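Undergrad: Sequence:
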Amino acid sequence: MNPANEENRIKSLQRLNLPTSSPQEKYDRLTRYVSKLFSIPIVVFSLFDKDEKWVTSNVGQGITQILSDNHLFDDDFSQDNVCVVPDTLADQRFINSPLVNDFPNIRFYVAQPIKSPDGKKIGALYLLGNKSRSFESKSQLQLKQVAAVIELELATRHSDDYCQETKLLSQAGFHQIANLGKSICRNAAIPLSFAYLYIKGLAGVKERDQARYRQILAIVVDAITKNSTHSDAFARYEDSGFVGFFSNTTITSIESKANEINALINQQLTAANITDIQVIAGLAEDDGSSPIEEIIFKAFMAHYRNANRK
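Mapping the sequence shown onto numbering that gives the first Met the number 0, position 38 (from 1) lands on 37, and the numbers just tick up by one.
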């Protein structure tokens with residue numbers, strides 16, 4: 000590997016500030032899902048630092064031993080696209096691997112690269128089995144979509160541009176993250192939806208009562224946070240407007256999530272005896288070609304139409 004490229008790759012990984020001491024539960028859910036989806040006994044999500052590889056999540060036994068085998072886990076070997084080896088005994092690259100020739104007798108190998116938000120290869124999602132098998136294009140797409148979910152979660156770490164009042168992304172930060180997410184989702188054929196939430200009455204409260212204004216902001220942010228996953232992103236887009244993007248969702252499912260956020264906000268507002276605030280939502284789906292700003296505008300116009308119906 001070119002030393003300059005390797006240095007840039009390491010910097011990309013370090014900028015994400017990922018914990019390395021132990022597996023992460025949010026990724027464990029994905030590796031368990033992959034193991035069940037493909038009926039595969041060993042699934043490993045590993046990241047590659049300069050001098051070591053560490054397990055971020057795994058399903059299966061003997062992971063530490065497996066990671067020590069560079070024939071199986073060579074970051075130069077993992078290609079830009081998914082690598083599928085149906086039978087390791089028929090592949091010269093694995094001829095000297097003790098884990099192929101001895102326990103646990105790895106026969107089937109798949110490596111799906113994981114990339115940083117700036118496109119650097121920082122790790123891989125591995126599927127390992129002790130029986131040779133095929134892995135057709137449909138399965139490869141499904142695995143690519145799981146990798147995209149991981150990459151989306153990494154992308155949400157990539158911006159330093161936040162709203163100081165809410166600690167959510169700012170408009171500029173959201174554009175940065177949403178454009179990364181759009182590319183990842185479109186590349187993996189994953190549906191992407193956007194929501195625009197307008198907090199009617201918030202501007203007036205800000206002028207009259209700063210303490211109440213901060214209380215309402217805290218309620219809105221709490222509801223948004225509780226109804227977001229690690230691969231979603233929400234922003235304080237305008238003074239009274241919030242925007243979110245949601246991967247692997249359709250208008251129907253995002254409408255349900257928007258309703259849950261609205262209900263939680265209303266519940267907390269009622270408990271706080273705040274009656275002059277109204278949440279109005281607008282939704283839009285990615286059409287596969289429009290720029291982010293245009294999709295957000297569609298969600299804004301949907302909110303505007305909904306406001307006029309009330």
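Some clues are possibly wrong.
Claimed, not checked - Lysine to any residue pairs mimicking SDA-like chemistry, simulated, CA-CA at most 25 Å apart:
id	residue 1	residue 2
1	25	120
2	137	58
3	35	199
4	199	52
5	25	4
6	52	15
7	119	35
8	199	296
9	166	199
10	166	228
11	25	160
12	10	35
If you're looking for bench data, these hints aren't it; they were derived computationally from the structure. Only a predicted model underlies this, so the values are computations on that prediction, with no experimental measurement involved.
Undergrad: Against this structure, judge whether each hint is valid.
TA: Status of the hints after comparison with the structure:
As the CA atoms of residue 25 and residue 120 are separated by approximately 21 Å, the hinted pair is consistent with the 25 Å bound. Distance hint between residue 137 and residue 58 is fulfilled; the C-alpha atoms sit about 22 Å from each other, no more than 25 Å. A threshold of 25 Å between alpha carbons decides the hint, and for residue 35 with residue 199 the separation of about 45 Å lies outside it, so the pair is violated. The hinted pair formed by residue 199 and residue 52 fails the criterion: a straight-line CA distance of about 50 Å is larger than 25 Å.
For the hint pairing residue 25 with residue 4, the CA-to-CA distance comes to about 29 Å; that exceeds 25 Å, so the pair is violated. As the CA atoms of residue 52 and residue 15 are separated by approximately 16 Å, the hinted pair is consistent with the 25 Å bound. Distance hint between residue 119 and residue 35 is unfulfilled; the C-alpha atoms sit about 29 Å from each other, more than 25 Å. A distance of roughly 18 Å separates the Cα atoms of residue 199 and residue 296; the hinted pair therefore holds under the 25 Å criterion.
A threshold of 25 Å between alpha carbons decides the hint, and for residue 166 with residue 199 the separation of about 20 Å falls inside it, so the pair holds. For the hint pairing residue 166 with residue 228, the CA-to-CA distance comes to about 16 Å; that is within 25 Å, so the pair holds. For the proposed pair residue 25 and residue 160, the alpha carbon gap of about 24 Å is at most 25 Å, so the pair holds. A hinted pair counts as satisfied when its Cα atoms are at most 25 Å apart, and residue 10 with residue 35 does not qualify at roughly 34 Å.
In this structure, the earlier hints numbered 3, 4, 5, 7 and 12 are contradicted, and the remaining ones agree with it.
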